[in-house]
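Build the full structure now, drawing on both the sequences and the hints.
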Amino acid sequence: MAKPQRSDPAEAIDIRPATVADLAGVIALDEEVTGLVKPEYWHDMFARYGARGTGSGCFLVAGNPARIDGFIVGEVRAWEFGSPPSGWVFAVQVRARLRVLGLGSRLFEAVCARFRAAGIDRVRTMVARDNTVIHSFFRSQGMTAGPFIELEMRLE
Amino acid sequence: MKFQKATEFALYAVLELAADPARQLTAVEIADKYGISAHHLAKVLRDLGRAGLVDAVRGVGGGYRFAGNAKRLTLMDVIRLFEDVGTDSSDTAPRTTGEDIAEGLRFVVAELDAQTSATLRSISLSTMLKLVARHPWATEARPARRAARRAR
Ligand SMILES: CC(C)(COP(=O)(O)OP(=O)(O)OC[C@H]1O[C@@H](n2cnc3c(N)ncnc32)[C@H](O)[C@@H]1OP(=O)(O)O)[C@@H](O)C(=O)NCCC(=O)NCCS
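Quick note, the sequences are listed as chains A and B, same order. Each residue of the first sequence is one higher than the one before, counting from 1 in the working numbering. Each residue of the second sequence is one higher than the one before, counting from 157 in the working numbering.
Worth flagging that the hints you see were computed from the coordinates, not collected in a lab. Note that the structure is a prediction, hence the values are computed from the model and not measured. For glycine and all other residues, C-beta sits at the position ideal for the given N, C-alpha and C. Not one of these hints is a red herring.
Pulled from the structure, derived: some chain A residues nowhere near chain B, Cβ distances all over 10 Å:
hint, residue
1, L23
2, T34
3, R116
Using 20 Å as the maximum straight-line C-alpha spacing, the simulated EDC-like pairs for lysine to aspartate or glutamate come out as follows:
hint, chain 1, residue 1, chain 2, residue 2
4, B, K161, B, E185
5, B, K227, A, D130
6, B, K286, A, E109
7, B, K227, A, D8
8, B, K161, B, D188
What follows is the structure, given as structure tokens:
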């Protein structure tokens, strides 16, 4: 079996904390992936999890302000449901053209490195059951089912 | 949940072969390693060959070699060759309108099935091999085992 080329454009892309100048690129990429334009949402995410936020957040981007190719957002949360502090990843996206080249894994590793540096030894996320791609992605990073079960109900 | 013997043997064989796609192994070699029936495994390997997951290598020192894409084949792709998983349980159970308790039970079983199916569809053979190499059961199961010991 031929080994996939790894010396591809995705490898050279820089991963760094998001700045306000990156938000337009993040909004554009999110629109490309989800089909929805959500400027208020992303400005709010940046205010909460960006470099000038409370300090427990982590908002990383891949690319430059002129073109954002991927991003990941996470946060350290403590004592939710009695759980000791753990890292949460709640958004990750990579430009469609650059997928399956390892950029998503590099973003995930970068956020985990920051959690580790903050003394955190566990990372969590939540996936939509029918989104096999994102589920497979997190599984391939080594994630397995945790001790919590998500429950919900419709409020009449 | 417990798999049928054929499913379990198929998963052993596919993962064993996928771990080194260049290597060929006979049914007897795989069966010896896992302490399972070579006769039963030979039948399972023929089924896997027909499904295109393994190639039979003919001649002296013949055997089987992995033939799929370990990054894209999932546990579900192997399992569903041998048993009925991930199908909507309400399709198989007899439907009686007005039977609220039966409907309610089907609803709960469907919740379990959806979880099982999503899990099996999300684990590729290469992810599974990485998991095996990491031995997560050694660290993750420790508190549960300790609790079980305490309870005894
Ligand atoms: C999920 C996503 C971030 C992955 O990014 P990526 O850069 O392609 O990821 P990687 O190349 O690092 O892939 C790592 C592993 O994930 C798994 N994976 C990624 N894409 C996959 C696909 N289409 N099918 C199956 N597995 C896949 C593979 O196991 C892969 O490892 P491999 O390449 O060795 O097989 C990207 O597909 C994406 O942006 N998806 C849409 C966004 C989305 O739905 N986000 C959820 C809302 S937060």
